[in-house]
Structure formats: structure tokens, C-alpha cells
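Asker: So you can see what is in the structure, the chains are spelled out below.
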Amino acid sequence: MYALREALLALWRHPVSSLATLTTAAVSFTLLLLVGLFLWNLDRVIGAAEGELEVAVFLKPGADLAALQEAARRLPGVARVRAIPKDEALKELTAADPYLKGAAELLENPLPDTLIVTPRDAVALPELARALGRLPGVDGVEYGGRLTLELLRVARGVRLGALALILMLILNTFFSVMGTIRLSIENRKDELEVMQLVGASRGTILLPFVLEGLLLTLLAALVALAIAIPGYRYLAGALARFLAFLPTLGPADLATAAYALLLLAFFLGTVGGWLSSRAHLKEVAG
Amino acid sequence: MIHLHRVSLHYPRTKTLALYEVNLEIKRGEFVFLVGPSGAGKSSLLNLVLRRYHPTRGAVYVEGVNLRKLRGHRVALYRRRVGVVFQDHRLLPRRTVEENLAFVLRVRGVPRREWPERIARVLRTVGLSHKKRAFPEALSVGEAQRVAVARALIGEPQILLADEPTGNLDRDNALAVLELFKLAHAKGTTVVFATHARELVEAYPQRVVALKAGQLVADRRPGRMEA
Ligand SMILES: Nc1ncnc2c1ncn2[C@@H]1O[C@H](COP(=O)(O)OP(=O)(O)OP(=O)(O)O)[C@@H](O)[C@H]1O
Ligand SMILES: [Mg+2]
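Protein chains in written order, with the working numbering: chain A, 6 to 291; chain B, 30 to 256.
The following block holds chain A by itself, in its conformation from the complex (with noise of 0.2 Å):
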């Protein structure tokens, strides 16, 4: 209670900073929050591609399939090894279309044994089908969606760009609340001297400044998610009408976020007051 009134006190005392530092924090927190919400899409579109891209492996006549399963499994960046015997591989032809059934009666079954490799690292796909095409007893491999590929590079790199960009954000949030405090504790020197002279515990007298740093970070996340959660809604209703299979983001997404947001402000304002206030508070004769 003492603590927390002495806190708003603080704020009060240096309007200045403290605006400064609620609206650095504020406009880092809803970048934060719209680029991160970018990004938990951009995964989720990334991760559904990645799924779908596998090397289909085709043997020649008489090729040991179980051994070459082994083989295959056995080299660096698989993740996973299926076998198909060519009748059964047939089978599942003539199932997906019952006309080519009459025909599969009449001929020889003219498809191969065949094995879907699915890459741990789907953008490490082309070597990996380089690699099982060396194997003995393989005729031939066949992998597609050479633009998906592209893509999930181009979104590597931009992935890469938005973590840089949310961690400088972070960088920048977290040294504006310790300026912050610092100004803090140099306007209240000779104050807290005195506490210290009286007997004040280092915690009696570094609480208050814990708590400015937590109201100032706390302050500044709602504000992020008052402007950035319609921000959001608007943005990804209007690409919707144009992109049916953006974003995949639902409201329960929405709620996590905005307590992951709630939790990065509680943690940033309390370490930063914490350090700050630690660093800058003078023992009398320590």
C-alpha cells in the first residue's frame, strides 16, 4: 500500500519521463503485438506448407524394399519413412478412381514400389532427393511444389527480420523504464539517504521503484492491446475478403496473446525497476 502510493507518486513527480516512457512502451507493445500476431500466422501457413512437401522415391524392379526403407530412414534429415508396395500402391489408385479398376485387371501392375520420404527440414527437400536418388536400387525421385519451397524461404528470412525487429522492441521498452527509474531515484537522493540513515531496509526502500517500472510497462500493455486487438480484427477481416486462406488466427489466439503481452510487461517492468533502482541507489557507507 505505502509502496504502490509512493509509486504513483514517483510518476506523478516527473510527468515528463514518465509520459515519454508510456508511450515508448505503448507503441513498442502494439508493434510487439501486431508484428508477433504476423508472425504466429506466418508459422502457422509456414508449418501447413511444410506438411504437405515429402519425395516420393520409386525402385527399381526387384529392389529390396524393406532394406531400402532402412537405407533411406538412415540418412541425415529424415524424419520419416513410408513404404508403399507397388500393389498396394495400385490399390489405393484404383480406389481414388474406379474406372482405371477394369484396366488394372487386364495388365501387369506397371507401378513400381515406391517410398514417400518426409524431410525434417523441409527446405533441405532438393538435397534430400539428391541423396536418395544416389541410393542402389533406385530408379528415380520425384518431389513437388517447387514454389512452396521458394516461399518458405522468402518466409524464413522475413520470420528472421520480425524476431530481430520484436527483439530490439523488447531492447527498447526495457531501457526507456530503466531511464525512467534512474530519474527516479536521482531526484530522491538525498531522501533516500535519509531513509537508509533511519534504518529503511534496502527492500522497504526499492519497492516503490519496483512497482513505478511495473504500473509504467502494465500502463502502456493495455493501451498496446486497446489500439492493437482492433488493429488486428480490422486488418485481418480485410484481407480475408481477398485472401480466403488468411489468417488462421482465431479469438482464443487473440486472448493468448494479449496475456503473453500482459506477462512480458509484468516481467519487463519489475526487472527493469529491480535493476535499475538496484544499480543507481547509493548505500550510505556500503
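Simulated from the structure, these hints should not be mistaken for laboratory data.
Some hints could be false.
30 Å max Cα-Cα, derived DSSO-like pairs, lysine-lysine [as the list claims (entries may be wrong)]:
(1) K287/A x K98/B
(2) K161/B x K194/A
(3) K44/B x K194/A
(4) K287/A x K211/B
(5) K194/A x K98/B
Counterexamples of contact, computed for chain A against chain B with all Cβ distances above 12 Å [said to hold, decoys possible]:
(6) E11
(7) R49
(8) R79
(9) I89
(10) P90
(11) P117
(12) R151
(13) D195
(14) T209
DEER-style ranges, computed between Cβ atoms [as the list claims (entries may be wrong)]:
(15) R18/A x Q244/B: 42 to 48 Å
(16) R187/A x E208/B: 41 to 47 Å
(17) P234/B x E288/A: 39 to 45 Å
(18) T43/B x L165/A: 55 to 61 Å
(19) E288/A x A215/B: 34 to 40 Å
(20) D195/A x R97/B: 47 to 53 Å
(21) E185/B x Y264/A: 47 to 53 Å
(22) A25/A x S158/B: 39 to 45 Å
(23) T43/B x A25/A: 35 to 41 Å
(24) D117/B x L170/A: 49 to 55 Å
Note that this is a predicted model, so its numbers are computed, not measured.
Where a beta carbon is used, it is the ideal one built from N, C-alpha and C, also for glycine.
Model the placement of chain B with the ligands on the given structure of chain A, informed by the hints.
Answerer: Frame of chain A, contents of chain B with the ligands only:
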């Protein structure tokens, strides 16, 4: 209780030797006037006992504990046993008289329900009950000094350090403040009282320690002739 052993204090910033080879032993429950001309080192000595500074050489012991060895929270615990009146009163500027006093009680962990009663009592003794909602800047110098005395007394400390607590008071008020310290002394508090005022020393015959240019030049006990 308080023991200064060959204490020297050198302020590096101004290159002053404020205290030089001071030996002083103050017993529990003793009342000591600390006298000497301006710049003699009275405030410096009190600040050493408060552990505001460390001596450059020698050591300050309180109840056998070297103050330099105190660390972390034990420093705060030690200071809670000491009541102090600063020469320039140093009240917390953004708090009312009442809040200044409450702060000491909070720091010492006195239960909140006891605060109003204790604050009222100590303000009555310094005659400032009507000023409890005033901020320090709205007090006269003498009033601020009396609040500072109240702040030192309210925590019922074992040791009272007073740095010219009557410096800005007229004779009657000065004698009234001295009465407060006599009262605390009568209850067993150890008091170190720095002053220029001869009439106070005469009004309460107690031990008198004189400093001059940082050195201890006289130590007189009541009932005895000058040492
Ligand atoms: N914080 C400080 N930094 C540097 N020098 C100081 C400091 N405090 C005191 N001094 C110097 O140390 C010497 C002793 O000062 P001190 O304040 O202890 O004297 P005093 O006896 O209390 O004097 P007064 O009666 O005027 O209060 C003086 O020469 C003073 O200038
Ligand atoms: Mg002095």
C-alpha cells in the same frame, strides 16, 4: 557501548583531516556533551557512529561489534537502534510531519494501530501537535528542528545522536528540548549531544568531551575537576 579506537577520518574530496587518533569510550546509559568550535569534527564523529562513513583509520565498535564489519540488512537493523537528529534536520520534504514520524515507525516494524498514539504523544512533548499535517517547508527552522527531535525519539532508540538539536532555538526552547533528552537519558538511553551552547552544558551536569581541530582535547566528568 560505543567505543572509538584510534579513529581518524579523512575526507578525500576536500583533503581535510576531520578527526585524528580519537579514542573514546561511552558507557551504556551515559549522557555525553560533545563540544568544540565549528569545524572541530563533532558532526564527523556522530556520522561515524551512525555508520554514515567509515573511519579512514581505526575502528568504531558498538557493543563490541566493529561497524565496518556490518553488512547488508544488519546495517539497517543497527541503524534502527539509533535515533539521530541531523544538524540540518533533514526531514523528508515530500511528507507531512506526521508521515515523517510514521516512516520511522514503519521502518522499525511498529504495528500500525500504535502509530497515531505514539505520534500524538511525541508531538505533544515537542509542542507541535497543531503542525502534524504541515509539510517541512512550511515549518519555521526551530519547528523543523523540534520535529527532527521528535523523529529521533519516536523509535525509542538505545542510542541517541543529536547534532546541535537546539542550534536554531531560543534559550527557553533549547532548554525544553534538552528536557526531552534528559527524559530519554533517565529511561536508560545512551545520548551523545553535540552543542555549542554553554548554557545547556551548565543546565545538565554530565560528561563533556571536547574536540578541537579533529582531536580530543578534554574529557570532563560531572563532579570532578578538569582532566
Ligand atoms: N562531507 C564532507 N566532505 C568533506 N569535508 C567535510 C565534510 N564534512 C565535514 N567536512 C570537513 O571536516 C571538518 C570537520 O567538520 P564537522 O562537520 O565534523 O565539524 P563540526 O564540529 O560538526 O562543525 P560545526 O560545529 O560547524 O557543525 C571541517 O573542516 C569540514 O570542512
Ligand atoms: Mg557539525
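Asker: Next, verify each hint and record whether it holds.
Answerer: Consistency of the hints with the structure:
{"no.": "1", "hint": "K287/A x K98/B", "in the structure": "18 Å, holds"}
{"no.": "2", "hint": "K161/B x K194/A", "in the structure": "25 Å, holds"}
{"no.": "3", "hint": "K44/B x K194/A", "in the structure": "24 Å, holds"}
{"no.": "4", "hint": "K287/A x K211/B", "in the structure": "35 Å, violated"}
{"no.": "5", "hint": "K194/A x K98/B", "in the structure": "25 Å, holds"}
{"no.": "6", "hint": "E11", "in the structure": "10 Å, violated"}
{"no.": "7", "hint": "R49", "in the structure": "51 Å, holds"}
{"no.": "8", "hint": "R79", "in the structure": "59 Å, holds"}
{"no.": "9", "hint": "I89", "in the structure": "71 Å, holds"}
{"no.": "10", "hint": "P90", "in the structure": "74 Å, holds"}
{"no.": "11", "hint": "P117", "in the structure": "77 Å, holds"}
{"no.": "12", "hint": "R151", "in the structure": "65 Å, holds"}
{"no.": "13", "hint": "D195", "in the structure": "7 Å, violated"}
{"no.": "14", "hint": "T209", "in the structure": "7 Å, violated"}
{"no.": "15", "hint": "R18/A x Q244/B: 42 to 48 Å", "in the structure": "45 Å, holds"}
{"no.": "16", "hint": "R187/A x E208/B: 41 to 47 Å", "in the structure": "45 Å, holds"}
{"no.": "17", "hint": "P234/B x E288/A: 39 to 45 Å", "in the structure": "40 Å, holds"}
{"no.": "18", "hint": "T43/B x L165/A: 55 to 61 Å", "in the structure": "57 Å, holds"}
{"no.": "19", "hint": "E288/A x A215/B: 34 to 40 Å", "in the structure": "36 Å, holds"}
{"no.": "20", "hint": "D195/A x R97/B: 47 to 53 Å", "in the structure": "24 Å, violated"}
{"no.": "21", "hint": "E185/B x Y264/A: 47 to 53 Å", "in the structure": "49 Å, holds"}
{"no.": "22", "hint": "A25/A x S158/B: 39 to 45 Å", "in the structure": "43 Å, holds"}
{"no.": "23", "hint": "T43/B x A25/A: 35 to 41 Å", "in the structure": "38 Å, holds"}
{"no.": "24", "hint": "D117/B x L170/A: 49 to 55 Å", "in the structure": "52 Å, holds"}
Checked against the numbered hints given earlier, this structure breaks hints 4, 6, 13, 14 and 20; the rest are met.
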